[in-house]
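Undergrad: These are the residues of each chain, in order.
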Amino acid sequence: MLLAAEDLTKHFYVTKGLIFTKVAGIVRAVDGIDFRIYKGKTFGLVGESGCGKTTTAKLILLLERITSGKVLFKGNDISRFSREDLREYRKSIQAVFQDPYSSLSPRMKVGDIIAEPLVVNNELPKDVVVEKVARVLELVGLSHQRANFYPHEFSGGQRQRIAVARALILNPNLVILDEPVSALDVSIRAQIMNLLKDIQEELDVAYLLIAHDLAVVKHMSHKIGVMYLGKLVEVAESGELYDHPLHPYTKALYSAALPTRPDVQREDTILPGEVASPLNPPRGCRFHPRCFQRKPVCEEEPPELIDVGAGHKVACHLRR
Amino acid sequence: MTMEKMEKQKTGLLEVIDLKTYFFTPSAVVKAVDGISFSVNQEETLGLVGESGCGKSITCLSILRLVPEPAGRIVHGRILLGGEDLLAKSEKYMRQIRGKRISMILQDPMTSLNPVFTIADQVGTPIRLHQKVRAKSVWEKVREMLGRVDIPTPEVRMWEYPHQMSGGMRQRIVGAMSLSCQPQLLIADEPTTALDVTIQAQFLRLLEGIQSSFGLSMLVVTHDFGIVARICDRVAVMYAGKIVESAPVSDLFNNPIHPYTKALLESLPKMDRKMDKLYSIEGQPPDLGNLPPGCSFAPRCWKVHDICKKEYPAQHEIGNNHTVSCWNHQM
Numbered sequence: 001m002l003l004a005a006e007d008l009t010k011h012f013y014v015t016k017g018l019i020f021t022k023v024a025g026i027v028r029a030v031d032g033i034d035f036r037i038y039k040g041k042t043f044g045l046v047g048e049s050g051c052g053k054t055t056t057a058k059l060i061l062l063l064e065r066i067t068s069g070k071v072l073f074k075g076n077d078i079s080r081f082s083r084e085d086l087r088e089y090r091k092s093i094q095a096v097f098q099d100p101y102s103s104l105s106p107r108m109k110v111g112d113i114i115a116e117p118l119v120v121n122n123e124l125p126k127d128v129v130v131e132k133v134a135r136v137l138e139l140v141g142l143s144h145q146r147a148n149f150y151p152h153e154f155s156g157g158q159r160q161r162i163a164v165a166r167a168l169i170l171n172p173n174l175v176i177l178d179e180p181v182s183a184l185d186v187s188i189r190a191q192i193m194n195l196l197k198d199i200q201e202e203l204d205v206a207y208l209l210i211a212h213d214l215a216v217v218k219h220m221s222h223k224i225g226v227m228y229l230g231k232l233v234e235v236a237e238s239g240e241l242y243d244h245p246l247h248p249y250t251k252a253l254y255s256a257a258l259p260t261r262p263d264v265q266r267e268d269t270i271l272p273g274e275v276a277s278p279l280n281p282p283r284g285c286r287f288h289p290r291c292f293q294r295k296p297v298c299e300e301e302p303p304e305l306i307d308v309g310a311g312h313k314v315a316c317h318l319r320r
Numbered sequence: 321m322t323m324e325k326m327e328k329q330k331t332g333l334l335e336v337i338d339l340k341t342y343f344f345t346p347s348a349v350v351k352a353v354d355g356i357s358f359s360v361n362q363e364e365t366l367g368l369v370g371e372s373g374c375g376k377s378i379t380c381l382s383i384l385r386l387v388p389e390p391a392g393r394i395v396h397g398r399i400l401l402g403g404e405d406l407l408a409k410s411e412k413y414m415r416q417i418r419g420k421r422i423s424m425i426l427q428d429p430m431t432s433l434n435p436v437f438t439i440a441d442q443v444g445t446p447i448r449l450h451q452k453v454r455a456k457s458v459w460e461k462v463r464e465m466l467g468r469v470d471i472p473t474p475e476v477r478m479w480e481y482p483h484q485m486s487g488g489m490r491q492r493i494v495g496a497m498s499l500s501c502q503p504q505l506l507i508a509d510e511p512t513t514a515l516d517v518t519i520q521a522q523f524l525r526l527l528e529g530i531q532s533s534f535g536l537s538m539l540v541v542t543h544d545f546g547i548v549a550r551i552c553d554r555v556a557v558m559y560a561g562k563i564v565e566s567a568p569v570s571d572l573f574n575n576p577i578h579p580y581t582k583a584l585l586e587s588l589p590k591m592d593r594k595m596d597k598l599y600s601i602e603g604q605p606p607d608l609g610n611l612p613p614g615c616s617f618a619p620r621c622w623k624v625h626d627i628c629k630k631e632y633p634a635q636h637e638i639g640n641n642h643t644v645s646c647w648n649h650q651m
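So the sequence lines, in the order shown, correspond to chains A and B. Residues 1 to 320 in this note's numbering are what the first sequence spells out, letter by letter. Residues 321 to 651 in this note's numbering are what the second sequence spells out, letter by letter.
Taking CB as the label site, the calculated pair distances span:
#, chain 1, residue 1, chain 2, residue 2, range
1, B, Pro388, A, Asp34, 51 to 57 angstroms
2, B, Lys452, A, Gly17, 50 to 56 angstroms
3, B, Pro612, A, Gly75, 52 to 58 angstroms
4, B, Ser410, A, Tyr101, 37 to 43 angstroms
5, B, Ser486, A, Lys295, 26 to 32 angstroms
Because the hints were derived from the structure by calculation, they are not lab data. Bear in mind that the values here come from a model prediction, so they are computed numbers and not experimental data. In this text, a Cβ means the ideal position worked out from N, Cα and C, and glycines have one as well.
Extracted from the complex, chain B is given alone in its bound form:
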């Protein structure tokens, strides 16, 4: 990281404070996101890691205020984008934000593109909605954006349909679509999970290039520590709706504190080491509608104390932006 970049990163762009998003079902209240706080700074990439059902995607949807209502509701918290509280804004105002200041890339490019419209139509939509430009220059802009995401012969391909593209190209088109209005924040929800290994490498490199040329902040949601190691500056680990640990990337990998983070990192097969047995976490993630009292990880933890089963540990700063919520570090 250059000095210049570090200087810029001090200013926060997105700040999420004590966000709680619950789903109200007839049988239980599902606490999908249960009081999480984090911030994304200018030109920074924050990774949000966790297993399926830990609330990562609901966090993203909450930021864009797209939580499926009426079952789901943001019941508490503040989401500040450049100082403005998004939760206090009208729906009309939010439509100005989505796609313009915050945009999103979803996991599966097969389903996030509409099969019956041309690429030009779809990439052009956010441009038409958010920028006052003439019809003709919309197409020019589309061609330029497709060129930026390395689509060969964009002037031809833009008139084709999604089924004529390969998986990697579709994901790049989704990228072009979400970057067309030069957003400040890009939320990428499992952006490469549906892609092949070599195509994933291409796409991650493209994201990095785009980030530095647009000066973009990114929130990358993933279950894969490899992606975190590859592109993130900072990382927050989620478990059962809460952030259990957050740290700069190299800190987290070299000095994981929370037992869950440690166990996850240990359980990955590593290519540069010969291992007979992998470390495995016993049991499975808890049901978010019926969480145990105290720390949600306690039933699977090997360093569990009595207090862990009664009370949730507060967030504890252990220096250098590294915070952890674990009783082992407060006693």
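So that you can see chain A by itself, here it is in the shape it has in the complex:
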């Protein structure tokens, strides 16, 4: 096991007033989630916007302070890490973001962009750096001669390759992919997804994949967690989740996903309403106002995430 989140929670406090500030409300962006990421495997997180996927990634990347709960890296609690440990931790966790147009500095040459994590973290002679950059550029399918170009000279797909190269240069154990293909064109998406899979096979790196497109998540992930309003509602192996979705929200998500062919016959479950505000989430099960199978207990008591066998976990009162 590489990384585990235990009861991971992030609350944002909404304050009122300029001098005598007081807390007006709490946004429960991530509210007690547990998951595990294994070496060389991909864990996918799906959910709609505002469900806490990206906040989870930020907590792991130490870009946000954890409110409560723990992140364990190779069994050690990261909140107890010393400065030296943290340096090591930051080196082994890297990220690729959604938009390759804003994640690369337009004023730096691609070679410098890719070398930056290396230069910041290690003191290496210049020729070693250049050689490492060239190697990682080849790995992502770009010619090493292009290290002297600026980001604007590349297309969207190539820029995303550069972002991947930057994430890989330190040989990380885990790469967080936050919507890595959703800003790209259809014909380019397949290139990047194949590249990411090839790299995983070659380097045995783990991915935390965050996406809203179920087909992408299913294609890339070994295990998938479905999030709704800051809670994990279902976790299962990728194939199992598609074959036997148990939570009504997962079922509705699959049903709402667009068909790949016009003649596909499917159950049509269209959810009424919209995701509630995380500032004031519904009592009981957070999904109950939109659920088509709700029972009185759902309005009162939040369901626990329970194992229904073979690592398939679901948080739903119907599965008691």
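Model the placement of chain B on the given structure of chain A, informed by the hints.
TA: Relative to the frame of chain A, chain B by itself:
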């Protein structure tokens, strides 16, 4: 499709013939739309699919004569709406068409609504402009339209501002606005790209419902084959300013002919099949200001012949309304 609907679809509503819209920049002539022809029949939904920069949106703007001038110009072609050539009409006449006979839904509801006016003001504008009704009945009409697009308590919400609505509601309000004058043709440019999955499903169902109750024709522009499979009757695939293949939806999915269409369909991850590797198209879409001679897809194509690099293939009918422009099918 019912017999009745099929009967009606035989009559064309919009016909675009050999449309060319170019942008004249100091360094090059960008051929955004380069000689495309298609038609949208009564009560039919035509999908226009393609990647970004292939000219889909410029096609829509050309139909409404909203191409940003002076850089952009429609240099050739005819656009017939019910037999009338829109390109020959005056600007004053076009203002009668826009919003009344042809209306449009844009991708991002956050930017297509004005933040400083109430919903009632904005939905009421096309009604005030195009229908001779008294001020009071404008508000009644607005309330009715908001009700039709499933806005809860429309009489309250109509006096609120766009920032008080969620993304899905905003897109429905844009829908109400564009349908308020009962147009014949609705152009939807990436209508659900900015929406979440479950909200997208709601909106697509709403569009279908509206289409059948208003007897509307739709031109849906998208990059997503899922949307095409879900709501379109016919589909045209665009690449680098040209339509490379067009067919009834089930034909296109079951029997794609053009290598680009085939590759695009193959490159999508599919949920009902386990796949190790996706098919991927090498390279990237060409620069519209500097197109290769011959077929624009030739540099990325795996079934390329010598002639592909020299001459553009003519459109070829292979039966049942299925046309394709590819040398592989003419030799």
